[in-house]
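*Asks:* Letter by letter, the chains look like this.
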Amino acid sequence: MQLTFHIWRQKHKDTSGAFNTYTVDGLSADMSFLEALDVLNEHIIATTSDESVAFDYDCREGICGTCSLVINGIPHGGGKGKSGVTSCQLHLRAFKDGDHVTVEPFRARSFPVIKDLVVDRSAFDRIIEKGGFISVNTGSAGDANATLVSQKAAEQAFDTAACIGCGACVASCKNSSAMLFVGAKVTHLASLPQGQVERSQRVKQMVEAHDKEGFGACSQTKACEAVCPKDISAHSIAQLNKEFLRATLAAK
Amino acid sequence: MKFDACIPQGDLSCKWKTHKNTMKLVAPANRAKFKVIVVGTGLAGASCAATLAELGYQVEAFCFQDSPRRAHSIAAQGGINAAKNYSGDGDSIHRLFYDTIKGGDFRSREANVYRLAEVSVNIIDQAVAQGVPFARDYGGYLDNRSFGGTQVSRTFYARGQTGQQLLLGAYSSLQRQIGLKRIKMYPREELLDLVVVDGEVKGIITRSLIHGKISRFSAHVVVLATGGYGNVFYLSTNALGSNVTATYRAYCKGAGFANPCFTQIHPTCIPVKGDYQSKLTLMSESLRNDGRVWVPKHPTTRDPSSISEDERDYYLERIYPSFGNLVPRDIASRKAKEMCDEGRGVGPSGLGVYLDFSHAMKRLGRKAMADRYGNLFDMYHQITAEDPYTTPMRIYPAVHYTMGGLWVDYNLMSNIKGLFVAGEANFSDHGANRLGASALMQGLADGYFILPYTLANYLASEQLQLLPLDDVAFEQTEEAVKGRLKSLLAIQGKSTPQHFHRRLGKIMWDKCGMSRNGEGLKEALAKIDELEEEFWQNVCVRGDSASFNQSLESAGRVADFLDFAKLMCVDALKREESCGGHFRKEHQSPQGEAQRDDKDFSHVSVWQYPKQDQESSQKGPSSAYAQEHREALIFDNVKPSTRSYS
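If you read the sequences in order, they're chains A and B. Sequence positions in the first sequence follow the working numbering and run 826 to 1077. Sequence positions in the second sequence follow the working numbering and run 200 to 845.
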C-alpha cells in the first residue's frame, strides 16, 4: 500500500519547524506504524539528501512508554473506541491505500521538542521525584505477607500502577494537564496500606511539582482517558482531587 | 591471566553468611567520600543505584533511554521466583537452587546460584514494601503460580506485567534518591568507553544523545548493568535500543567475556511477517498448558481449518509422549525449527508452527479460556489481525535472553578492578539456559542485596584515588571515542546501519542460532568479516555528532555487534558439546537430544580481547582471534545429570 506522510521536521528546540511531505510505496497492512516510519527513513536516505526522521521508540510492544506520536491529530493514533494502543502497536491495517497521514510530536509547553518528533518528558520524572514513592530503604522491609492487601485494593492499585508514563494524556489535553499521570500514581499508592504514612505529603508535593512544571489544570473533558494506552480511568483525577482536599483539610 | 571466582570457604549454605560477616565495611561517615557510577537503570542498575545512595555513597547513574523507567526490564511478563514457600508445597532455598542449576544444564557456579536462591526471599519483601501490586488471594495474602519445569508454586506475579511493576518499584526508589540529591541522573546519555589504568577502572566517557556532547566522569567504582546482547540477532524480543556496546567496550579494555554463545531462544513468539520487521513479540509460555503444537504431515499452504486430524503431526506429543507440549524451552524451539526446515512450516513465510486451542476451547469453553489467556489473545489479535479463539496461533522461536556476559567473580567484580557487573550483563547465574521467572530475581538480587555488600568490601580494602578528569588516560580515551564517531560520519556510504544490522542478524540466526555446527560457524565467521568490511566502507550516517542523531547512535552499536558476533561464533565453535541453549549438531544422542560433555567442557569459557596487531584499523583487532581462558566448574553439592523428557 501507499501512504503520504506529512511529518513535522524541526532541527532542534530553538528553531521553528514545518511539515514535510513524503510519499512511500510498498507498505504492508501488517506493519506497525513505527515500522512504516523505518521504511520511510530508508526511503529518505535512498532518495533524498535529508537526514532521517527522528522519533522515539524502544520496546515496540506497548509497555516502555517511549513512543510518542500524534497521528492524524490523535496521540498514539488510536482514536474513537480504539484506546489501549501505543504508537508502536498501531498497525497500518487502520489506514487505507492512498491515505494521507499527519505525524506530529506530543505538543505541550512542558514537553519541549528535541528534534522532529522527539520531545523531552523529563518533567514526569521530576514529579515522581517529589513523592511518587514509598520511603523504604533496602533491607528494612518486613515479611511480605505481614501486611494483608485485599484483592480489591490490589486490583485498584494495579489498574493505576499500569501507567507507562508516555504523556499521551498531556498531549491530548487542551490545557496540557498531567492530572491523569499524577492521579494514577497518587491513587496507586493511596490504595495500599504501605502508602498511608506519606499519603498527605505525597499528594501535596506531587501536585505542587505538577504545577511548577507548567502543566495546566483539568477541565474534565476526559480527552486523556480516551487516548490512554493503558485505559487508566479519569476517576483517578477525581481521586487525586479528593486526596488533595483530604490532605489540605487535614493540615488545617 | 587467572580467572579466580574467589568463592568463600565453608559449607554451601553458609558461604554468603560467612562472607557477609567477614567482608570489610565502609563507615557511614566515610561513604560520601566514594563516587560510584552505575550504567543502566533496569532492575539491576536502578536497585543498585538507589540502595547505594540510601547508604550514603555519591552515585551517578546513566541510561540511554529518555527516562530510567523505560529500561527493558519493563517488558518482562510472567513473574519472579522466590523460595518463600508461602504455598506450603515443600519449596525451599535448596530446591530453588537445585532447579536453577539443573535448568542451566550444570554450567553455572554452585555458590552464586545458592546465594541467588537465598536472597530471593528478601526481594519480595522489599518490592511489597515499595507498593508493588502483586496478585493477592481472597484473604489478602500473596498469590503464587507455577512456572515452567518446576514442581512447586513459587512465582510471584502482577498480572502479565511483573517486570513493569518491579521496575517501577526500583525506579521509584531511584527517583526518591534523585530528589534527595544523592543521585545525579543522566538520562539520554550513552556510555561509549571506559577509562582503565593498570587494570583498574577509573571512569567512563559518555555522549549526550540530545546534543552530542562528549563528557568524562571519574569514579572509584563503576557498575555496568547494561543488559544482554540478544539484538546481535537483529530480531529478538529485546527493546530496539538494547545493545552490547558497554560490555563490549569493557571487553576491549581487558574484561573477560564469559560464555558468549549461551543464548536463550524462546519457543512461543509471533512469527516474522516481512523484511521490514523490527521486533518480535513474545507470547507467554503459559499458553503451552492448553495449546497443542502441530504442523501438517506434508507441506501445504491450505487453511488450517481444512487440514483434518489425520493430516496433522502433533510432533511434540509424538516425540516426547511423557512431557508432550510442555518440554523445556530449548527443546520446543529446536523442534519447531526442524519442522520448518523440513518444509512443513506454516504461514506466509513458512517459518511458523500452529499452537492450537480448539481442543481446550471445546473442553473449557470460551469464557474460561478468556479468563486464562484473554490479554495474550487480544495482543495476538492486535498484531496479527487473526483471532486465536477460532484460528490456531502461529508461533515461532525468537531470541529472548543471553546467559553469557562479562565474567565476574563471586563478588560480581570483573577481572578489571573496580568494574562490577550486574543483571543480564554478567554471566554468573543461569549457566547454559535460564529458567522462566529467574531474570527478574537475579537483576534485583544483584542490585539490592549483593553489590551493596561486595562493593563496600572493595572500597574499604583498596587505597583508591579518583583520576583527575584532565589525566592523559581520559584524554586518550576521549580522543579514541571522538575518532570513532568521526570515522563513522566520514564514510558517507549508501546503506543505513539497520541494513547491516539486519544482514548480521540473518547470518547469526542461520549459523549461530538454535542449532549450530562447526562448518556453519566457520562460514559465519567469514561472512561477518565480509559484512564488517562492507560496513566500514558503505554505511551511511547523515547529520553530525554534535546533535541528536539516531543514525549515529545506531551505527556505533551495530559496529560493536559486528565484532562481538564473531566472538559468539568462536565460542560456539570451541564448545564441542551441546548444553542448554547451545546445541551443536555434531553432539547429539541418537534420539536427537543435546549431549553434554562434562569431562571436557565443565567449565566457563572466558575470552579476552586479542592484543593489537600490526594491521590495526579504526575497528581494532578482530575478536575472531580472542584468547580463551577457563574457569573450572566444581560440583560438590549436586551431581550433574542428563535431562530426559521422552
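If you're looking for bench data, these hints aren't it; they were derived computationally from the structure. Be a bit skeptical, because a hint or two may be false.
Derived EDC-like pairs (lysine to aspartate or glutamate); straight-line CA-CA distance at most 20 Å [unchecked claim]:
id	chain 1	residue 1	chain 2	residue 2
1	A	K838	A	D875
2	B	K784	B	D799
3	B	K693	A	E867
4	A	K977	B	D570
No experiment lies behind these values; they were computed from the predicted model shown.
*Asks:* Against each hint, give a clear statement of whether it holds in the structure.
*Replies:* Going through the hints against the structure:
no., hint, verdict
1, A/K838 / A/D875, "holds (18 Å)"
2, B/K784 / B/D799, "holds (17 Å)"
3, B/K693 / A/E867, "holds (10 Å)"
4, A/K977 / B/D570, "holds (17 Å)"
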